[in-house]
Amino acid sequence: MWTWCAADTLFLPKLLGVTASVESKAPVTGEAITLTVSPAAVESVQPDGVLVSMNSPEAWETNLAMRLIVTACHYIHFFSSAQSGGEWTDSHPNTVLLPLDRAFAYGERQNRRMFGTVLAERASTAK
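Residues 1 to 127 in the numbering used here are what the sequence shown lists, from first letter to last.
A couple of the hints might just be wrong.
Unchecked claim - For each label pair, taking beta carbons as the anchor points, the in silico distance ranges come out as:
(1) D90 to R122: 16 to 22 Å
(2) T3 to G30: 15 to 21 Å
(3) P27 to A126: 35 to 41 Å
(4) M66 to A126: 33 to 39 Å
(5) M114 to G49: 36 to 42 Å
(6) V118 to N94: 30 to 36 Å
(7) G86 to E121: 26 to 32 Å
(8) Q46 to W4: 19 to 25 Å
No lab work stands behind these hints, which were simulated from the structure alone. All C-beta atoms in this analysis are idealised placements derived from N, C-alpha and C, irrespective of residue type, glycine included.
Input sequences plus hints: build the corresponding full structure.
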């Protein structure tokens, strides 16, 4: 799956109804990070302990796709360790590191908030 940022890989599988294979490189170390993300969960991740950086959603400009990329996606990355993630967040004000499970849960909440009706209808017709 090719996306604008790490967070997209965590919420798009649910919207698309697919399991995604994700490959990324940590921005500080260049270390390879791989995930398998199903609509329901992060099924696998290498290496263990991956973290996700994020800036404040209040800073995101959502009116144009290019503005969203610049104000959100440029700040949302996978990191292989707290040390390398901390180096990056230290030089990018108003960013934090989240454990992968919390970042996935955030994506689930956003999906419910924005697409809850459609997701509920899809689930009811799949039965």
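Hints, verified against the model:
1. D90 to R122: 16 to 22 Å: This hint is violated: roughly 42 Å between Cβ atoms.
2. T3 to G30: 15 to 21 Å: The hint (15 to 21 Å, Cβ to Cβ) holds, given that T3 and G30 are roughly 19 Å apart.
3. P27 to A126: 35 to 41 Å: Since P27 and A126 have Cβ atoms about 38 Å apart, the given range 35 to 41 Å holds.
4. M66 to A126: 33 to 39 Å: 35 Å, holds
5. M114 to G49: 36 to 42 Å: Once the Cβ atoms are compared, 29 Å apart, the range 36 to 42 Å for G49 and M114 is violated.
6. V118 to N94: 30 to 36 Å: Given about 32 Å between the Cβ atoms, the range holds.
7. G86 to E121: 26 to 32 Å: The hint (26 to 32 Å, Cβ to Cβ) is violated, given that G86 and E121 are roughly 42 Å apart.
8. Q46 to W4: 19 to 25 Å: Distance hint for Q46, W4 holds at roughly 22 Å.
Checked against the numbered hints given earlier, the structure breaks hints 1, 5 and 7 and satisfies all the rest.
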